[in-house]
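Please put together the full structure from these sequences, using the hints given.
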Amino acid sequence: MLHSLENLWYSLSPLYQDLLFTLVLLLPTLVLGLYLTRSFSLRPLVQSLMLRYRWTNLVLILLIAVSVGLGVGLITQERGLRKGTAQATDKFDLVISAPGSEITMLLASVFLQPSDVALLDGETFNRIANDNRVDLAAPLAFGDSYNGAPIVGTITAFLEHLAGPLESGRLFEHEQEAVVGALVPLKTGEHFTPAHGFEDGAHDDHDHGSHGHGDHNDHAEEDEAGETDNIHHGFDYEVVGRMKPTGTPWDQAILVPVEGVWAVHGLSNGHAPSDRDRLGPPYHPEYFPGTPAIIVKSQQLWANYALRSDFTTAESMAFFPGEVLTRLYSVMGDIRQAMSLMAVITEVLVTAGVLTGLVMLTRLLGRRFALLKALGAPDRFVFALVWCYATTLILTGALTGFGLGYLTSKGLSALITEHTSILIDVAPGWAEVHLVAAFTSLTATLALLPAWLTIRRPALEDLRQN
Amino acid sequence: MGCSLAVSDLLVKGDDDRTLLQVERLSLAKGEILGLRGPSGAGKSTLLYTLAGLVKPAAGSVLWDNNELTALNSKDRARFRQNSIGLIFQDAFLFEELSPRDNAALVSAFAPARERRTIREKADAALSMLGLGSSSTGDVSKLSGGERQRVSIARALSRQPSILLADEPTASLDRKTADRLIEDLLGSCRATETTAVIVSHDPYLLERTDRIITIEDGQMSSGGEA
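One line per chain: the protein sequences are R and S, in this order.
Residue numbers for the first sequence follow my numbering, beginning at 1 and rising by one.
Residue numbers for the second sequence follow my numbering, beginning at 1001 and rising by one.
Note that these hints are calculated values from the structure, not bench results.
Only a predicted model underlies this, so the values are computations on that prediction, with no experimental measurement involved.
Where is the CB? At the ideal position from N, CA and C, for every residue including glycine.
Don't take every hint at face value.
[To be verified] One-sided and incomplete, this derived list gives chain R residues near chain S with beta-carbon spacing under 7 Å:
1) Phe40
2) Leu51
3) Ala272
[Claimed, not checked] Derived EDC-like pairs: lysine to aspartate or glutamate, alpha-carbon spacing no greater than 16 Å straight-line:
4) S:Lys1030 x S:Asp1202
5) S:Lys1056 x R:Glu461
6) S:Lys1176 x S:Asp1202
7) R:Lys187 x R:Asp236
8) S:Lys1075 x R:Asp379
9) R:Lys410 x R:Glu78
10) S:Lys1122 x S:Asp1139
11) S:Lys1013 x R:Asp236
12) S:Lys1030 x S:Asp1210
Structural data, given as structure tokens:
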């Protein structure tokens, strides 16, 4: 029997499983509601009770809404963050860097967060690039920025891999050409001067800039004329193309030839002097200044694992960004559990507060219930009236909380997306529907208590109240 | 058509075991209107609510036709009240958020579905008879004291009760309004031969009843027998 039920459950589609689970959660409330309200006409009286102490009722509804909204917001936000960050790593199958912290490297190479990292040499790069299993080996070079937009040195194959065909313009063909991310406020044909680090200072075209190399904010001292001393004077990039949106921090990045980043810092550009104008691999190991990370792609999944194994050595570190992210999620999961516990505690406290409020309200409304009893209303009618009134408050609060939590989460996501360019897509999901259903069902069941207390009150005492 | 009433050896005690009311014998004929008078706290309202089944006596019998009220459980007493008794209080006790019409037909909310329409029609008829037909869908809070009390009378009459129990129905009204209400109330009772017990201090109301009894210190002093 149990086995066939289990089989039946797993034969259902996820949608039907969720619908069924929601129904099961709501079942106690539905059964109670149908049993208590049968053969009665309660709606006008429930409306009347809702209007009688409307401000107090509103406060109770808001209390419920805030507590439910907290839970809903937490679930939707966490899910959106997971989805957004996972999507950001989609194009980064394998990252190879110098040994160090995988998380730091993940933040630097995928999420373009400023970090101090060691460099891989040219021989290592060539060994990776020349491996038969590797389809793409793209060096990255960070450290410069323009008006807060990070400048990343790389190769054209990586641009195509990252965002597909360009939205407009063409790929860079010279050292001082740039392709901008979808959200960078630079137009094709515009020139700009790179600045070192990630200062968000006043860097006007041709006039100002900052200078840096793989670190951040450490050269932002201004001279008396108000100009920063970290400008890469005399080195301009021209915007020649724009990428399609990716929903990742790369939408706010400016991509330039890696040779340009090296050259702007006075380093050799990766090629022998006889091949000085070349862009992209192969690179000459002697003239290769170093790269903090190499993005590697192979067509076979197994090859990624083999490459990771082969390049996890004393000189290099290879990792799957998705895997590191999963470890981060587990930390986030712990935080979510702690926050969920806080949300549950809040909901329990609010439920207790709402029930106390309901008991007090039903006392204030005692004369009305006593009148109904005196007119011959059966106890079940008064019981059903109090329960329906309480459940209307609870349901209204829970649904308002659902909307409130969702909208808050959406607003918060928009803020995060604006600041990080990680597309956080918040959409209502079944987890929060289940949360609201469970809360409603539990609280509506607890609302039997004020209903029971009301019918136990002697009608005559309430009728004689002035 | 009203009910007859036979009360015998009735004893009502308070929470502290103090005797609140003692009635050796009281009877009413069908359609008779009884006035109850006496000083405050004498036990008039206690008697009225005992006759309504809202107070359970410690001993004795309350027989409405063949229904022994003291033998009924709380559910059956509620059903008896719903079907047979119309109650009017000193305070009109209206739901301020409902219209006069909805207040008058309040009983329909818990009456069997098949009777709801009839109750609403009777409530409408009662409101019209009491001169409130035109304002029956308005706002209850805009009605005067007399009008509010008339809505409560319409509520009591909406099920065409065989028994009407009224607790100082004119106490909070001015003379003119009270006189009009007395005419309406007693006129309606006589027209439908409803048995009525009315607690009042109003001599004008009492002298228009069929019989008056006085209660003092929980004891009936005179006029127990019809």
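Going through the hints against the structure:
no.: 1; hint: Phe40; in the structure: 6 Å, holds
no.: 2; hint: Leu51; in the structure: 4 Å, holds
no.: 3; hint: Ala272; in the structure: 90 Å, violated
no.: 4; hint: S:Lys1030 x S:Asp1202; in the structure: 24 Å, violated
no.: 5; hint: S:Lys1056 x R:Glu461; in the structure: 13 Å, holds
no.: 6; hint: S:Lys1176 x S:Asp1202; in the structure: 13 Å, holds
no.: 7; hint: R:Lys187 x R:Asp236; in the structure: 15 Å, holds
no.: 8; hint: S:Lys1075 x R:Asp379; in the structure: 7 Å, holds
no.: 9; hint: R:Lys410 x R:Glu78; in the structure: 12 Å, holds
no.: 10; hint: S:Lys1122 x S:Asp1139; in the structure: 20 Å, violated
no.: 11; hint: S:Lys1013 x R:Asp236; in the structure: 103 Å, violated
no.: 12; hint: S:Lys1030 x S:Asp1210; in the structure: 12 Å, holds
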